[in-house]
Amino acid sequence: MQDIMSATEVRKEWSTWVDRVVREKPLVVKRTHDYFVGISVEHLIKLLEPYKFEMEIDAEDAGSFVASLKGFDLVASGQNEDEARKAVARELLEYAQEYFTEFDLYYRAPNRQEHFPYLLKVLLLNDMGEIESLIA
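Here the numbering used here runs 1370 ahead of the position in the sequence shown, where the first position is 1.
These aren't lab readings, by the way, just hints derived from the structure by calculation. Glycine included, every Cβ here is placed at the ideal spot set by N, Cα and C. Certain hints may be false.
[To be verified] No more than 25 Å apart at the CA atoms, straight line, and that leaves these computed lysine to aspartate or glutamate pairs for DMTMM-like:
no., residue 1, residue 2
1, Lys1456, Glu1468
2, Lys1395, Glu1424
3, Lys1422, Asp1373
4, Lys1422, Glu1453
5, Lys1416, Glu1468
6, Lys1395, Asp1373
7, Lys1440, Asp1474
8, Lys1416, Glu1464
9, Lys1440, Glu1484
10, Lys1400, Glu1424
11, Lys1440, Glu1500
12, Lys1456, Asp1474
13, Lys1422, Glu1451
14, Lys1416, Glu1430
15, Lys1422, Glu1484
16, Lys1422, Asp1443
17, Lys1440, Glu1451
18, Lys1422, Glu1383
19, Lys1456, Glu1424
20, Lys1440, Glu1468
[Claimed, not checked] Computed spacing ranges between beta-carbons, pair by pair:
no., residue 1, residue 2, range
21, Val1445, Ser1385, 45 to 53 Å
22, Glu1394, Glu1453, 40 to 48 Å
23, Ile1409, Val1436, 17 to 25 Å
24, Tyr1421, Arg1393, 22 to 30 Å
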């Protein structure tokens, strides 16, 4: 890793460091034995670009549609496919908010750890239209 700064250096040059992270590139900080990365939201969204959701949709006998997301325990229904997609997108946003509220619990659960990058992307977008566009 290059461009590693100590936490002390970052504190002394906070404004300059933030400007570099936002305008140039991600930077690594070392504090004692811990390392972390400062990254702009723009770069983070680019990094998460490949993460999308695959929707499965079933037509019910009663005429409604049930949508689920592959790899996620999320199910929602609607009167048509578009309503079902919007409903499952709302469920996805709620799940992302809950995941980050209870981050330690969800991230440490082996069956939910892989959800992390997907849900981070959802929260970074936080726009229902953009969230719906992630669902194929």
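Inset, instruction - Against the structure, test the hints numbered earlier, and report the numbers of the ones violated in rising order. - result: The structure conflicts with hints 2, 3, 10, 12, 14, 18, 23, although it agrees with all the remaining ones.
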